[in-house]
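S.K.: This is what each chain is made of:
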Amino acid sequence: MKDETPILQVKQLHTHFFSKSGVVKAVDGVNFDIKPGETLGIVGESGSGKSITAMSIMRLIPSPPGKIVNGEVLFKGEDLLKKSEKQMRKIRGKEISMIFQDPMTSLNPVLTVEKQMIETILTHENMNKSQARERAVELMDLVGIPESRNRLKNYPHEFSGGMRQRVMIAMALACNPEVLIADEPTTALDVTIQAQILELLNKLQKELGMAIVMITHDLGVVAEVCDRVMVMYAGKPVEFTEANSLFANPKHPYTWGLMNSIPKITSKKEKLEAIEGAPPDLRALPQGCSFAPRCKHAMEQCLTIDPSITKVEESHHVRCLLYEETEKVIST
Amino acid sequence: MSAEPHISPPQLEVSKPKAHPKSSSLWLDALSRLVKSKTSFIGLCLILLLILTAIFAPVIATYDPTEVQLLDRYQAPSSEHWLGTDELGRDIFSRIVYGSRISIQVGVIAVGISAIVGILLGGIAGYFGRWVDQIIMRIIDILMAFPSILLAIALVAVLGPSLTNAMIAVGIVGVPQFARIVRSTVLSVKETEYIEAARAIGAKSNRILFQHVLPNCTAPIIVQATLGIGTAILDAAGLSFLGLGAQPPAPEWGAMLSDGRAALQTSPWVITFPGIAIFLVVLAFNLFGDGLRDALDPRLKQ
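Chains X and E, in that order, give the protein sequences.
Position one of the first sequence corresponds to residue 1 (full-length UniProt numbering), numbered consecutively onward.
Position one of the second sequence corresponds to residue 1 (full-length UniProt numbering), numbered consecutively onward.
Hints in this document: simulated from the structure, not taken from any laboratory.
Keep in mind it's a predicted model, so treat the numbers as computed, not measured.
You may find that some hints are simply not true.
Stated by the list, open to error - List time: in silico DSS-like cross-link candidates among lysine-lysine, alpha-carbon distance up to 27 Å: (1) X:K82 x E:K204; (2) E:K36 x X:K86; (3) E:K204 x X:K86; (4) X:K67 x X:K90; (5) X:K35 x X:K206; (6) E:K190 x X:K115; (7) X:K153 x E:K204; (8) X:K20 x E:K190; (9) X:K67 x X:K82; (10) X:K67 x E:K36; (11) X:K203 x X:K94; (12) X:K76 x X:K90; (13) X:K82 x E:K190; (14) E:K190 x X:K90; (15) X:K35 x X:K11; (16) E:K204 x X:K94; (17) X:K94 x X:K11; (18) E:K190 x X:K67; (19) E:K204 x X:K83; (20) X:K115 x X:K90; (21) X:K115 x X:K86; (22) X:K11 x X:K90; (23) X:K94 x E:K190; (24) X:K94 x X:K206; (25) X:K296 x X:K311; (26) X:K206 x X:K90; (27) X:K129 x E:K204; (28) X:K90 x X:K129; (29) X:K35 x X:K203; (30) X:K115 x E:K204; (31) X:K67 x X:K20; (32) E:K204 x X:K76; (33) E:K190 x X:K83; (34) X:K206 x X:K76; (35) X:K153 x E:K190; (36) X:K76 x X:K94; (37) X:K90 x E:K204.
Unchecked claim - In silico negatives: residues of chain E with every beta carbon more than 12 Å from chain X: (38) F56; (39) S78; (40) E87.
Built from N, CA and C at the ideal position, the CB exists for glycine as well.
Given these sequences and hints, build the entire structure.
M.R.: Structure, rendered in structure tokens:
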């Protein structure tokens, strides 16, 4: 499965927001690709551009003020950024679907779950209402909601958070998408439910063979489900590698920081090592490396030279001057 | 049978998955809170009374509301004519009873016009934003710049005086309130995550607007409609008082006020009772509307 050609390729994606106080470069040169059946993690702090990357792929950036200024999003070889709104509507929810962070707010409170699921199905599939209802029951069973037929008639507020996220997943899977974008699907859930949902996603991926883009700030989630990981900082990818290799051998100082700020159960006394400072203002990025002002390993040239992403090992790419000395320096 | 040792299986109440508790929806919640509030309950009772009066008008009325009996002009209230008679000897009680039909009709139709036009305009303006919003809302601003009764008079002057035209005029005058309320609600609803989710499944814009956004605006719309009925009845009565609404001999309350004003000094009952009727009905809708607003406001939930 995994050595097929990528189903989704993002190349040099730049999404900027044009506000009165300046241009916010929310996504600034993101590249990645994902193969069918693979799970790619996108990790970063709040405001690092993870969600905007996802919204850019779906072409759901509110415009104005947002605009995808450059790049390509190739889905099965076709550039989504060149499609018309009408063509995009046919892709959204059918071939690429999305689940959101907060299941409490991502279902319409005044419609029954049945209505919302049937709407999704009928939007894309050539079915009549009763067929769509059967399909909805099937999907509810698939995501493990008990008493699916009765539960369909309920309103969202009659479900618990975990169950609602299952409903969201069921809706996202309604048309057998080939890519599922999960935007922090477990962040709003408590830990036991988180594990259940991740397990469910893993199981469904094996059954249906879709590719998952897992957006998260939780390295635990990455360890659990991802095959490859992209770490983002200030709109740029800073490290891109296999999940195993990221945990075994993290290269970028920012990734070190992320790892150090996870509380460890074995070392109780140690103070957590937070990354000093705050993410930079995306309207006025520092010259040189965006992370340099917070970086413990920053060198003098880090403040002037913006490193480009460099291959340090087989399938391990890093954007940092610490490694560029071994390779050739490409100034951008 | 009884000789056998009767071993009953342990009566463990296997908790059968209960049918899910009846959905205590927003509306049921609101209704229970509504009934608890005394003022809105009074309003509700008065409104029910009005509706029943309108339905059973032929049963309740003691006389034909348009029957002229010149010999019985300006009779004071008595056991024969409970609320007296007017300058043509018509029974005021019966006229008020039949007038409730006109009032309900005016209230519902005028508010219906305001609501349909206002919801459409406000919904489109709020959802699509930008220049669409600018154009629609500037027109609404212009409408709002006129005092409402003046605008209604002007419209009736153009359309010609009749009850139907009065209803249309009052309906148009009420459009801005609806449009503004719907627009502001749409603005907040369209930023919610479930609207984004609807877009992410590939739903079309107008489908999102009508299926997802507007149903989430029902609470403020219903409140505005209830309050609007009171205002519409008052405005229509005002037009009829000026001779621009219901035409004689229709038993319209505003027209009755107008008919009786010449005899205000000598026969005050001719003008008093229709006045009280208008007052009570408008009060009822206002009390009920206020109660409804409080009941639907989740911040006031205990």
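S.K.: Hints first: check each against the structure and report whether it holds.
M.R.: Here's how the hints hold up against the structure:
1. X:K82 x E:K204: Distance ~19 Å between K82 (chain X) and K204 (chain E) Cα, so the pair holds.
2. E:K36 x X:K86: Cα-Cα ~50 Å, so violated.
3. E:K204 x X:K86: holds, 9 Å
4. X:K67 x X:K90: The given pair, whose Cα atoms are some 21 Å apart, holds under the 27 Å limit.
5. X:K35 x X:K206: holds, 14 Å
6. E:K190 x X:K115: It holds: about 19 Å lies between the C-alpha atoms, which stays within 27 Å.
7. X:K153 x E:K204: OK: K153 (chain X) and K204 (chain E) at ~24 Å, within 27 Å.
8. X:K20 x E:K190: Holds. K20 (chain X) to K190 (chain E) sits at ~23 Å (cutoff 27 Å).
9. X:K67 x X:K82: holds, 13 Å
10. X:K67 x E:K36: Between K67 (chain X) and K36 (chain E) the Cα gap is close to 52 Å, so the pair fails against 27 Å, i.e. violated.
11. X:K203 x X:K94: holds, 20 Å
12. X:K76 x X:K90: Roughly 14 Å separates the two Cα atoms, so the pair holds.
13. X:K82 x E:K190: holds, 26 Å
14. E:K190 x X:K90: The hint holds at about 21 Å.
15. X:K35 x X:K11: Holds. K35 (chain X) to K11 (chain X) sits at ~15 Å (cutoff 27 Å).
16. E:K204 x X:K94: holds, 14 Å
17. X:K94 x X:K11: With Cα atoms ~22 Å apart, K94 (chain X) and K11 (chain X) stay inside 27 Å; holds.
18. E:K190 x X:K67: holds, 20 Å
19. E:K204 x X:K83: holds, 16 Å
20. X:K115 x X:K90: Holds, because 20 Å separates the two Cα atoms, which is no more than 27 Å.
21. X:K115 x X:K86: holds, 23 Å
22. X:K11 x X:K90: holds, 22 Å
23. X:K94 x E:K190: holds, 22 Å
24. X:K94 x X:K206: holds, 19 Å
25. X:K296 x X:K311: holds, 22 Å
26. X:K206 x X:K90: Answer holds: K206 (chain X) to K90 (chain X) is near 25 Å, not above 27 Å.
27. X:K129 x E:K204: Measuring from Cα to Cα gives roughly 19 Å; hence the hint holds.
28. X:K90 x X:K129: holds, 19 Å
29. X:K35 x X:K203: With Cα atoms ~17 Å apart, K35 (chain X) and K203 (chain X) stay inside 27 Å; holds.
30. X:K115 x E:K204: holds, 16 Å
31. X:K67 x X:K20: holds, 14 Å
32. E:K204 x X:K76: holds, 24 Å
33. E:K190 x X:K83: holds, 24 Å
34. X:K206 x X:K76: Measuring from Cα to Cα gives roughly 20 Å; hence the hint holds.
35. X:K153 x E:K190: holds, 25 Å
36. X:K76 x X:K94: OK: K76 (chain X) and K94 (chain X) at ~14 Å, within 27 Å.
37. X:K90 x E:K204: Holds, at about 10 Å.
38. F56: Holds, since 36 Å exceeds 12 Å.
39. S78: holds, 55 Å
40. E87: Given that every Cβ of chain X is farther than 12 Å from that of E87 (chain E), nearest at about 54 Å, it holds.
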